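There are 2 protein chains.
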Amino acid sequence: MKVAIIGLGVVGYGAYEIIRDELAPEIEVKYVMDLRPFEEIPCIHAKDINQIVSDPEVDVVVESIGGLHPAYEFITASLKAGKSVVTANKHLISKYYKELYQLSHETGACLQYTPSAGGGIPWLHNLTRTRRCGAIESFSGIINGTTNYILDNMTLTGAAFEPTLKRAQELGYAEADPSADIDGLDVQRKCAISVNRAYDAVIAPEDIPTAGIRFITDEDIAAFRSKGLVCRLICRGSRKDGKVSAYVEPTLFAADTLEANVPDNNNLITLVGKYVGRLSFYGQGAGRYPTAHSMVEDIVDIHMGWVRDPQLTGAAEVDNSAQIHRYYVRCENLSFLGDLVEAKLGSGVVTVPVSVGEMHRIASTRLAQGEKLFFAGFDE
Amino acid sequence: MKVAIIGLGVVGYGAYEIIRDELAPEIEVKYVMDLRPFEEIPCIHAKDINQIVSDPEVDVVVESIGGLHPAYEFITASLKAGKSVVTANKHLISKYYKELYQLSHETGACLQYTPSAGGGIPWLHNLTRTRRCGAIESFSGIINGTTNYILDNMTLTGAAFEPTLKRAQELGYAEADPSADIDGLDVQRKCAISVNRAYDAVIAPEDIPTAGIRFITDEDIAAFRSKGLVCRLICRGSRKDGKVSAYVEPTLFAADTLEANVPDNNNLITLVGKYVGRLSFYGQGAGRYPTAHSMVEDIVDIHMGWVRDPQLTGAAEVDNSAQIHRYYVRCENLSFLGDLVEAKLGSGVVTVPVSVGEMHRIASTRLAQGEKLFFAGFDE
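Chains U and X are the protein sequences, given in the same order.
If you're matching positions, the first sequence starts at 1146 in my numbering and goes up one per residue.
If you're matching positions, the second sequence starts at 1146 in my numbering and goes up one per residue.
Note that these hints are calculated values from the structure, not bench results.
On a predicted model such as this, the values are computed, not experimentally measured, just so you know.
There may be inaccurate statements among the hints.
Unchecked claim - Which chain U residues face chain X? A few, computed with CB under 8 angstroms, are given here:
hint, residue
1, 1163
2, 1265
3, 1306
4, 1402
5, 1418
6, 1421
7, 1422
8, 1423
9, 1424
10, 1425
11, 1427
12, 1461
Heads up, the beta-carbon is just placed ideally off N, CA and C, and yes, glycines get one too.
Build out the structure end to end from the sequences listed, making use of the hints.
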């Protein structure tokens, strides 16, 4: 099988190495395409996408340039030419999910993107495999390593948010502009991809109510610790009576749960299957070789036929009205919560059970007014 | 695809239900075979195995009667007739691994046994998938729910071993004769199967040094707790420089590790891959529907071609001489340990680093003399 790799960045180059060292000659890189020369790579260095998609020998195009454009143009050109596509690009997959699937259906090409949600963890593969024999009742988990590093370190050391974020940036876990991680947008995209895969739905990331950890303080963490609780940024999805629920929010777990004990920048993602019950998958959600490994697994899945076409049932509306639990809420003035307050905790309060939809609406209003509100749901 | 289910016990009947409710008519149960009538099942009730294996329409035979005989005869007759086989029978698979594989190779039939090691957890599936793209450097984990229930409950409540075992029996987690669980034989078999699958080796269960938890006391547990340690029964396997290591022993984990926080009768099994690093898989290692689900997943894998033939490289010798760590050891008279003692801990001692091979030899000698010795390795 012949492969073309577009983009030889951290992950793309890693995928090249794994194919070269583990899978050649059964799977071979025939083309690479990158602005840099990479003269050590003994294959055809493509100048444009047409050179790749017009070669009938190419079976799979690996997109690893990231971003929306020209990644979108490269992927659609490949699918239109009947080439299967493998990508880790969560932004692109979550944004163009329906369109890309329709394209792949039309031409019979495969579209695989396991590393886009879970990095090195075979989460989407196992989600797909499990649902063949019974519905996925719900899923949830830690699917962003940067925020887990920050929350885990704040919990262990008592440090404040800003220096911990800075340390994460020094370690290369967080970007110079950390918004996508700390505001939950990265998790939101992965959540959308997981919902779509679990339920053959087509929901857009922006339809998922999402809260991040930008305003969490060491005082919040100390209050949680005083109650034996540990904070993690969590995505959740479920389907019941035809309604899809999905949301992203900081969540408080008892200290002896698996989630509370996920160290550093690792991920732990869980599904609850109709028959199999809870299955959790733990590992590196990012990083050169874990992500590249997952990408190459997708290529081998295409090679061996370990793929399954989704049946898109069309757009689904996100409805979180039936998801109800207590919240910790903290901001300067909490009077707007009125009757919802059940107890004080640290500088914040614990609410009575509130629907996820309502809590996110309340918080959005306050955040839009510039208040540094932080809230976290109880895992209950 | 047509399936025959031999044995409609807890798991076999569960598999029948899942196929009926989730997969028919694409996958259909054409035969069942059981000593009991099960008149509600609308298919052919086979009187003997020949009726099944002589029917060219049957693609897959599910063996769920357990035990070595006549399960062995049924499986070999099926494979010889070119029927694929799915089983959860760890005793049989670990004992006849090489022979059954050779048979399946000769006739082109598939032999799938994911539920035999991990129950509902897709451990063997993911082990197989991961190693396609890079070696499995090691694996380890909690792969027996009964002993995890006992150890977890002793740790949480401070209760003694005997009443906790009794409670496990009342809950249906432990057999009336609990030896296979508490002496580690169940783990030993699953460890052999995992080694064989990870390394294309052929090792027999009895070649794996194995220690159980029969003689653990609440005093041992209290001593571990005083050091922030939690005891779990663990299997380990690895390959380095062509040497295969494999052993089963109680192991002491820091309280904030995933292993220490696996509750009740759950399992957590981990691999370390060359590129992907650590991946862990958590779930129910036993139980009707989890195990039946895993069995049906194997059937669907055969149906969809999601299978991979192992390359048996022949027998491997188990060599644990390079595996070295400290041990907790406790028995009436510890003088035989001589210079190996580093410190006291509770009623026992902590040794200097000792090879796994040596520690298991020492312990076996003492146990054979009727001493109630308990030992546990440090996770280091």
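Check your understanding: Can you give the numbers of the hints that this structure goes against, from lowest to highest?
Key -> Violated: hints 3 and 12.
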